[in-house]
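> Residue-level listing of the chains:
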Amino acid sequence: MTPAAPELEWRGIRKILGGRTVLDGLDLSLAAGRSLVILGGSGQGKSVALKLALGLMRPDAGTVLFRGRSLPGLFNRRQSDLYRQSGVLFQGSALFDSLRIWEVVSFRLLHADNRPRARAREAAIEALAQVQLGPEVADLFPSELSGGMQKRVGLARAIIGAPRILFFDEPTTGLDPVTAASISRLIADQVTRLGCTAVTITHDLVSARTIADDIALLDGGRIAWQGGRADLDTVTDHRVRSMVEASLPTR
Amino acid sequence: MQQVALAPFTVVGRLVIGVCTIVGALSLFVGRTLLACFTPRWHGGQIARQVVSIGFLSLPVVGLTAIFTGAALALNIYTGGGRFNAEQIVPQIVALGITRELAPVLVALMLSGRVATTIAAEIGAMRATEQIDAMRTLSTDPFRFLVAPRVLAGVATLPVLTGVADILGIGGGWLVSSLSLGFNPEAYARSTVAFLEAWDIQSGLIKAAAFGFIVTAMGAFHGYRATGGARGVGHAATQAMVWSGVLIFATDYLMTSWFTQT
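The listed protein sequences derive, respectively, from chains A and B. Numbering follows our numbering, with no gaps: position 154 of the first sequence is 154. Numbering follows our numbering, with no gaps: position 30 of the second sequence is 30.
So that you can see chain A by itself, here it is in the shape it has in the complex (with noise of 0.2 Å):
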């Protein structure tokens, strides 16, 4: 019996981006229902890895893998079916500031599946609840939230369609301790609600703790290291190590 396709894998992928070669030969891969955490420090190129595995950006060489298929251009088919069964919480959330919180929220199914507009405001006040958020939030707009509560918006609009896999772009970025610590549960409880894979990059190892089941350390436009959570107690490479020592409290 052949073993199963990962669900995302990045296959030898190298990047340019201004002059600078910020992948290269990246090698990564996914198992299906698994949480995966990219750690790295400020450009190593943890958002441009998350963009290629999304289509937004297309590699200078190699391919990314979705299902063992690799990834077309926008708008393909393909690339659609990806969309459909993704939701995706944006390093700034990305909200969209002209629109109302439900109509943010159902974005997807008003826009992309044709839903009524009641229906899509229940769904959107339901997915509200899961990320703790009441209804009377539903009427108001973006700019009227804290960046914690817009946080949770962009995942309940993530959320929202029950996806298959979810990808989150630094989501602690910019929230204090209590509220990052907050956030990082909630994610880690939807990825299990929903059973589905994620990929998280992040350089805030409290949250890779919660969040993951496996960790990867992207260095120098590779992966330097890669294990499960458990492993960052007993870890020996010293990149992760001043990583870890770094995220332990100072007395």
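Calculated directly from the structure, the hints in this document are not laboratory data. Careful: at least some of the hints might be erroneous.
[What the hints assert, rightly or not] Counterexamples of contact, computed for chain A against chain B with all Cβ distances above 12 Å: (1) Arg11; (2) Arg14; (3) Ser106; (4) Asp113; (5) Arg117; (6) Glu122; (7) Asp139; (8) Gly161; (9) Leu175; (10) Ser182; (11) Arg209; (12) Ala224; (13) Ala230; (14) Leu232; (15) Glu245.
[What the hints assert, rightly or not] Just a few of them, taken from the derived set where beta-carbon distance is under 7 Å, the chain B residues facing chain A: (16) Asn85; (17) Glu87; (18) Ile89; (19) Thr129; (20) Glu130; (21) Ala134; (22) Thr137; (23) Ser139; (24) Thr140.
From a predicted model like this one, the values you see are computed outputs, not experimental measurements. For glycine and all other residues, C-beta sits at the position ideal for the given N, C-alpha and C.
Following the hints, put chain B in place on chain A, whose structure we already have.
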């Protein structure tokens, strides 16, 4: 030494590559825009919203511009006509100048300041905050949701605004001629109506539709290409206004020369 000798070729080469890049990008953008405009799916709510924003909300600025332009035109023609005892030609020249040239061009220029910059800033800010990427991942084509509604609204509303400007511009000329130049109001109106041909108005409206495309497409094009945060958004807004202004004048010349030959 060799580098110095090759420097002119380097400059010319960079210039050619730069021009080709921008022409290629613009061609692809216009192609995708036209495809989104003429094939389903159309976002009716977005189109209606843009018709209000581009058309209805531009009425005050368009109206005031037209009235003052018509009035100033009447004064200038009266002065110029007086040099060879032809003051009575004011109604005809005001009507011709407004309908064929000034209304479509001035409406388009006012909208390049009010609309092209707004579109560039809106779409540029959405680009900078990853909202356009988010839209793609939500299975929605940004060209259909953001660009096509603005372009369709621009092409539909600029002729209407130009029609309004025709009436108000001629009205401005009539007002100043009646109040301060000693024209009989009824005779002025009769001269205008008797002189104007349908093509005078139609040619202006056709120009306006073309300018509507230019204004909205330039706003969207520069907004879509915006990079570098707030500075990039500001640059995109400026570029949108400059490019649409230049293209309006160039297109006006080409269309006028074509209309006068046929």
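> Each hint needs a verdict: does it hold in this structure or not?
Evaluated hints:
no.	hint	in the structure
1	Arg11	holds (22 Å)
2	Arg14	holds (22 Å)
3	Ser106	violated (10 Å)
4	Asp113	violated (8 Å)
5	Arg117	violated (10 Å)
6	Glu122	holds (18 Å)
7	Asp139	holds (17 Å)
8	Gly161	violated (9 Å)
9	Leu175	holds (17 Å)
10	Ser182	holds (22 Å)
11	Arg209	holds (26 Å)
12	Ala224	holds (27 Å)
13	Ala230	holds (32 Å)
14	Leu232	holds (30 Å)
15	Glu245	holds (32 Å)
16	Asn85	violated (59 Å)
17	Glu87	violated (53 Å)
18	Ile89	violated (50 Å)
19	Thr129	holds (6 Å)
20	Glu130	holds (4 Å)
21	Ala134	holds (4 Å)
22	Thr137	holds (5 Å)
23	Ser139	holds (4 Å)
24	Thr140	holds (5 Å)
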